[in-house]
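A.B. asks: Protein chains in written order, with UniProt numbering: chain A, 1 to 372; chain B, 1 to 382.
Any given hint might turn out to be false.
Claimed, not checked - Listed next, the in silico DSS-like pairs over lysine-lysine satisfying Cα-Cα at most 27 Å (straight line):
no.	chain 1	residue 1	chain 2	residue 2
1	B	K104	A	K177
2	A	K322	B	K213
3	B	K105	A	K177
Said to hold, decoys possible - Chain A is faced by these chain B residues, among others (derived, beta-carbon under 8 Å):
no.	residue
4	L21
5	K24
6	D71
7	N126
8	R171
9	M203
10	P323
11	L324
Simulated from the structure, these hints should not be mistaken for laboratory data. Where a beta carbon is used, it is the ideal one built from N, C-alpha and C, also for glycine.
Listed below are the residues making up each chain.
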Amino acid sequence: MRTLQFLLQKEFRQIFRNPAILRIIFIMPLIQLLVLPWAADYEIKNIRLAVVDHDHSSSSQKLISTINSSGYFQLYAYTPSYAQAVANLDRDQADLILEIPTGFEKNMIKENETSALIAVNAINGVKAGLGSAYLQSVIREYNNQIRTAWIQPTRFSPQPVIEVTASNWFNPLLQYKDFMVPGILVVLVTMVGSFLASLNIVKEKEIGTIEQMNVTPVKKHYFILAKLLPFWVLGLFVLSLGLLLAWAFYGIVPVGNLFVLYVYAAVYLLAVLGLGLLLSTYSENQQQAMLLSFFLIMVFILMSGLYTPIESMPTWAQYLTKLNPVSYFIQVIRMVLLKGSNLADISQQLFITTGFAIVLNTWAVVNYKKRT
Amino acid sequence: MKTHPHISQRKVKPNRQFFSLAKKEFFHIFRDRRTLIILLGMPIVQIIIFGFALTNEVKNSRIGVFNQAQDAHAQALINELEASRYFEVTRIFTSYSAIEEEFKKGTIKLALVLPPHFAADLKHFNKTQVQLIADASDPNVANTLINYATAVILDFQDRLTNNNTLPYTIRTETRMLYNPQLQGAYSFVPGVMAMVLMLVCTMMTAITIVREKELGTMEILLVSPVQPLKVIIAKAIPYLLLSMLNITSILLLSVFVLQVPINGSLLLLLAASTLFIITSLSLGLLISTITASQQTAMFISLTGLFLPTVMLSGFMFPIENMPLPLQVVSNLVPAKWFYIIVRTVMIKGAGLAVIWKEALVLTSMTLLLLGLSMKNFKIRLA
């Protein structure tokens, strides 16, 4: 036990001796936590609309002003030809084109039916789908206004109506930040944990001091434990700091029990640190260790469901996410902080993460040889 | 006439020295097979995984139904939801509290509550109500799901009118430009390209230079008669070539595996990519001049660049939705400009006339970054 104590002392000294790393460990993540959640907003608003009105009738004017007052759209341009409107789309100055053909009003009165064209920049499919759906619903509403204005009420046969009411549970104001902040916190904790741990052993390899460790009578599991513990403590510290900031700056008060979160985080950090150690035992120098952990972290984070929902991924990718520890923590932190899930609700995630921790660490200890 | 050996050395050697330095750098890279495999393989694996998996489309979302009606109309509506590609009904509830339990376990994202007497209300009063409850801890998905479900329900309602055409109807035709099949890859592949190139290029340069500092070999290079500037450029050239190889494999994969077409000029796309690679290499250079250890360099290029690149380049989150200060900050992210270029050239098929501004921004960024690194570059090691 005393050996471990001395080893730990050495590791902590090594970490705290390097102020540059310390600054980066704490300040960079926190700045990002303060800045980045503001960027995460998918909500479609201020859709820029280019209008091509060939009809110039009072009906087309009224349609345009209805659209304008709907609140979703921003009338960006009023172009004389469709080709010019498309040029606006090309230059990313408009998102949607509404073309009203000549005879729009005349056809409506004479033929009982008229048409309009909506053209969308569909590179981002979701945005395009929602944008055109909003425009269609505004036009439908305008259509109903015309009908009620032009037709005597008695002749207008009532249509069965299904009223849809929607409620948003757990986040009634649809605050995107409430969703992103816990996720980003997980990313930061993961980066601090796995990444620094993987570099640590390799650095000793590269500068040759590992040789000295190897000739000491220190048992290898003590050695590895001493490497792990400081980063485990740092990881939990970053988590606490992040939670504090989330409360102070974003007003995110955990709905669930923080104890549940810390139990999970403690296990999770062991798993992530184990991964870092494993990578370091397989690398010959810091460059390799960094590239490997960089690659893995990037894949883990982007495939974690932080930004894009896991259910949208193809089946093979969904299976891949089952091997991704980050995705479990992201689920857990959102469940506990936003929905108030308890230990029983997250038991599956906790169980799997424990499995990761055991497998990865055992593998790392077995693979670490006291020879270079 | 025989020239003095000393003079001839001055005239000819600088170039030869430069090339031998570049050659040395190539040897460095090729000797470390593992690193080489990672550097060339990483973009390939990432573009495939992310290209297929990253999409914010919502499909086959698991939903639950609390069906208090149990009549034919209710069943028809549920079937309708099930038939759309967005939903998959996986839970049938018998109480409200059961809904909350499932939300807490995270097994469903949306619940539909059908009132008792659903069909009877429709028949007698021409009016009924249904409730949609979304797990809004993910607001994006909640919003999209509610929109889609509402559309399906409205469709169902329209069909109940027995297709009676109403008078004075405005029909709308919708044309999806640039991406008629609404492929998720069209918006994500250019973004992934920008992200992968930026991170890999920046990190590579930052680490190699700092590595020589850390190992002490930089000292040796700096006392050699080669100008320090050339030392640095010679270090960057192999990585430039490596990155060109990467962009080639990325483009091949995008076209042949991910089926994203190159509608514009390939030459323009390659030229822009080269420009962007140089921008990223210069950024790496700058990072290497301000850091002393590989760990710090790596941590800056990973923690400092990864999240901002993903979040502020515009491919994940629309920049126009961000608060003004962040929109301003996003202009500093080189990947944002490259993303616009790739999207415009590759998918919209536009030419230099449309993207010259973005290209100009990247060029000035590169010059600025190079200038800063020159200023920071110390011949003596502190």
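A.B. asks: Are the hints correct? Go through all of them and say.
C.D. replies: Checked hints:
1. B/K104 with A/K177: holds, 20 Å
2. A/K322 with B/K213: violated, 41 Å
3. B/K105 with A/K177: Distance of about 22 Å is within 27 Å: holds.
4. L21: This interface hint is violated because 19 Å lies over the 8 Å limit.
5. K24: Hint on B/K24: violated, closest Cβ of chain A at ~16 Å, above 8 Å.
6. D71: At about 14 Å, which exceeds the 8 Å cut-off, the nearest Cβ of chain A leaves the hint on B/D71 violated.
7. N126: Where the cut-off is 8 Å and the nearest Cβ of chain A is about 5 Å from B/N126, the hint holds.
8. R171: holds, 5 Å
9. M203: holds, 7 Å
10. P323: holds, 5 Å
11. L324: violated, 10 Å
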